[in-house]
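Engineer: Take a look at the letters that make up each chain.
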Amino acid sequence: MTYNKYAGLCADMLRAALKEPAKTKAKAREAIYYRSAVWENGQPTKQVITDITEGTSGKLS
Amino acid sequence: MPRGGSPQRELQHCCLPGAECQRTEQEGRARGFKITGDPRKLGFAQCHRTPGPLHPSALPPPVPNSQEFLSKFAAFQGTMNEPEFPSNFVKPVEKVENASVPDKLKFNFYIPSAAINQGSSVDLVLLPATTGDFGVMPGHVPTVAELRPGVVSVHNELDKDVTKYFVSGGFAFIHADSTTDVCAVEAVPLSDIDSDAVRAGLAEYTGKLASLQGKGDDYELAAAQAGVEVYSALNSALGL
Numbered sequence: 001m002t003y004n005k006y007a008g009l010c011a012d013m014l015r016a017a018l019k020e021p022a023k024t025k026a027k028a029r030e031a032i033y034y035r036s037a038v039w040e041n042g043q044p045t046k047q048v049i050t051d052i053t054e055g056t057s058g059k060l061s
Numbered sequence: 062m063p064r065g066g067s068p069q070r071e072l073q074h075c076c077l078p079g080a081e082c083q084r085t086e087q088e089g090r091a092r093g094f095k096i097t098g099d100p101r102k103l104g105f106a107q108c109h110r111t112p113g114p115l116h117p118s119a120l121p122p123p124v125p126n127s128q129e130f131l132s133k134f135a136a137f138q139g140t141m142n143e144p145e146f147p148s149n150f151v152k153p154v155e156k157v158e159n160a161s162v163p164d165k166l167k168f169n170f171y172i173p174s175a176a177i178n179q180g181s182s183v184d185l186v187l188l189p190a191t192t193g194d195f196g197v198m199p200g201h202v203p204t205v206a207e208l209r210p211g212v213v214s215v216h217n218e219l220d221k222d223v224t225k226y227f228v229s230g231g232f233a234f235i236h237a238d239s240t241t242d243v244c245a246v247e248a249v250p251l252s253d254i255d256s257d258a259v260r261a262g263l264a265e266y267t268g269k270l271a272s273l274q275g276k277g278d279d280y281e282l283a284a285a286q287a288g289v290e291v292y293s294a295l296n297s298a299l300g301l
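Residue numbers (my numbering), protein chains in the order written: chain A, 1 to 61; chain B, 62 to 301.
Note that these hints are calculated values from the structure, not bench results.
Check before you lean on any hint, since a few could be wrong.
Quick list of in silico lysine-lysine cross-link-like pairs, DSSO-like style, CA-CA up to 27 angstroms [to be verified]:
| # | chain 1 | residue 1 | chain 2 | residue 2 |
| --- | --- | --- | --- | --- |
| 1 | B | K276 | A | K5 |
| 2 | A | K27 | B | K225 |
| 3 | B | K269 | A | K5 |
| 4 | A | K19 | B | K269 |
| 5 | A | K23 | A | K46 |
| 6 | B | K165 | B | K225 |
| 7 | B | K152 | B | K133 |
| 8 | B | K225 | B | K152 |
| 9 | B | K221 | B | K167 |
| 10 | B | K225 | A | K23 |
| 11 | B | K225 | A | K25 |
| 12 | B | K133 | A | K27 |
| 13 | A | K23 | A | K5 |
| 14 | B | K225 | B | K133 |
| 15 | B | K133 | A | K23 |
| 16 | A | K5 | B | K165 |
| 17 | A | K46 | A | K5 |
| 18 | A | K46 | A | K19 |
| 19 | A | K19 | B | K167 |
| 20 | A | K25 | A | K46 |
All of these numbers come straight from a predicted model, not from anything done at the bench.
Pulled out of the complex, with its shape left as it was, chain B reads as follows (with noise of 0.2 angstroms):
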């Protein structure tokens, strides 16, 4: 501890190591220290000044990081405790790749009746649309799309593990974070469709549509138009 001074006050020397310091009162005061103590009567420290610019010579090393000051510490340490730098109480930014893709798509499949699938963890959902047929992984473009009569298909594990219902309608939502929702009227396995039924209702709107071309109303006109489209998405949907 150096003599002289409290230790609030702060005790730096002027230009060299304490006991090198030479120099008498004007010469530090001819250097701009102010001389706040009789030189002579200090010890450890020939001459001090009060807190101000310190000459750009009397400025320690710039340490470059912690770990090159503990290591020049360790030579002073004794019993003393390392000190805190504020790096310490800096949380580090883990930098992950792709962070904001997650590695599976949460899938929720809803009917009027029932929750098909509720925040299911897939791979792949292939999605019957108006414009298309299209699939939906991890990272999809966020989309609402309206879905035509016609086949979803689920890939809990891509290729591995398939489970395909019929929608008969609806829409699907996909989030910017890779929900994705989708909502049909009405949605069956495909083992519960009689493939009798879809011939015979196949053959019925066909028929039906042929004969009131240009004449019935159009709600006639439309209805039957809509049986030939679910009727004909079945069909290829059981690969009749």
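Same shape as in the complex, but just chain A (with noise of 0.2 angstroms):
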């Protein structure tokens, strides 16, 4: 658990816990979605794609 995920998990707690019209627009903002590559010589060689649409409320890990 570092500062960043404990910021982060509160806030999901916190949108977890909104009425629906305010609760579907801070969901949207929870999404995460990246994709990152290692590069080798000039080459991407690895693409890896993060897609976490649901925010880490309601999961302990």
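Please dock the two separately framed chains into a single complex, following the hints provided.
Structural biologist: Right, dumping it as structure tokens:
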């Protein structure tokens, strides 16, 4: 558990406790999507897609 | 205009106003004045001398301030303009009591996705810090405070126009010029919070924490503790 993870976790828990119109808007902000690649000799070798659409709320790890 | 001598050369009475000075050349020299012209040929000044240390009795009485001078000058003014004084060219320093403390706080409230307040002028902001709740008014000591899950109250006008937000955490910075920056990870108005979800969440995390006591890894334990902290704060914010 790092500070960043803790701060993100608290924010996710807050978003889970919201009323409906605000909740869907906030959930959209929670999604994390990015693609990362490891480069060697000017060429990308490994592509990793990280897609967290639900956030971390409700999950303990 | 006194006769004798060019306007450039300074003419000074040795001791008495011109017409009354009857001193002879000898006398003038004896008193230490250098006579540079024939006293008898001079009209207005009976004797004159080149600039040098003046006898104290020959000195004009010192004028205390420019107003007094001007009132004396007025008798001789005629059509002349008034002389300038150095104080005319010096800007007066405005002395304001407590100039450094503004009467309203400059408040910025940011979350990653929006600027809730930007440069707003407010009277008071109540912040929930990990070290305890405190309020910020203009003139607050410069502070960096870590915020815990809790309620930020923005008093646009003290006790009259109050807006409350629940923040999940973040930091508050109070600067020396009374600019306050609050940066939160997530902040919502209290009206957007669902009471049922809060009750359910509190029960869930309290249960998880109880069941994890002594077992389960550190991360799960920490997450359960965070859950209890957030939902307890939400609980008390809504007055449940």
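Engineer: For each hint, tell me whether it holds in the structure or not.
Structural biologist: Status of the hints after comparison with the structure:
1. B:K276 x A:K5: holds, 21 angstroms
2. A:K27 x B:K225: Answer holds: A:K27 to B:K225 is near 21 angstroms, not above 27 angstroms.
3. B:K269 x A:K5: Distance ~19 angstroms between B:K269 and A:K5 Cα, so the pair holds.
4. A:K19 x B:K269: holds, 24 angstroms
5. A:K23 x A:K46: Given pair A:K23, A:K46 is violated - Cα atoms ~36 angstroms apart, limit 27 angstroms.
6. B:K165 x B:K225: holds, 19 angstroms
7. B:K152 x B:K133: holds, 25 angstroms
8. B:K225 x B:K152: violated, 47 angstroms
9. B:K221 x B:K167: Holds. B:K221 to B:K167 sits at ~18 angstroms (cutoff 27 angstroms).
10. B:K225 x A:K23: holds, 18 angstroms
11. B:K225 x A:K25: holds, 20 angstroms
12. B:K133 x A:K27: violated, 84 angstroms
13. A:K23 x A:K5: Holds - the C-alpha atoms of A:K5 and A:K23 are around 21 angstroms apart, at most 27 angstroms.
14. B:K225 x B:K133: The given pair, whose Cα atoms are some 68 angstroms apart, is violated under the 27 angstroms limit.
15. B:K133 x A:K23: Violated: B:K133 and A:K23 sit about 83 angstroms apart, past 27 angstroms.
16. A:K5 x B:K165: violated, 36 angstroms
17. A:K46 x A:K5: holds, 26 angstroms
18. A:K46 x A:K19: violated, 41 angstroms
19. A:K19 x B:K167: Status violated; Cα separation ~31 angstroms.
20. A:K25 x A:K46: violated, 33 angstroms
Consistency note: the structure conflicts with the earlier hints numbered 5, 8, 12, 14, 15, 16, 18, 19 and 20.
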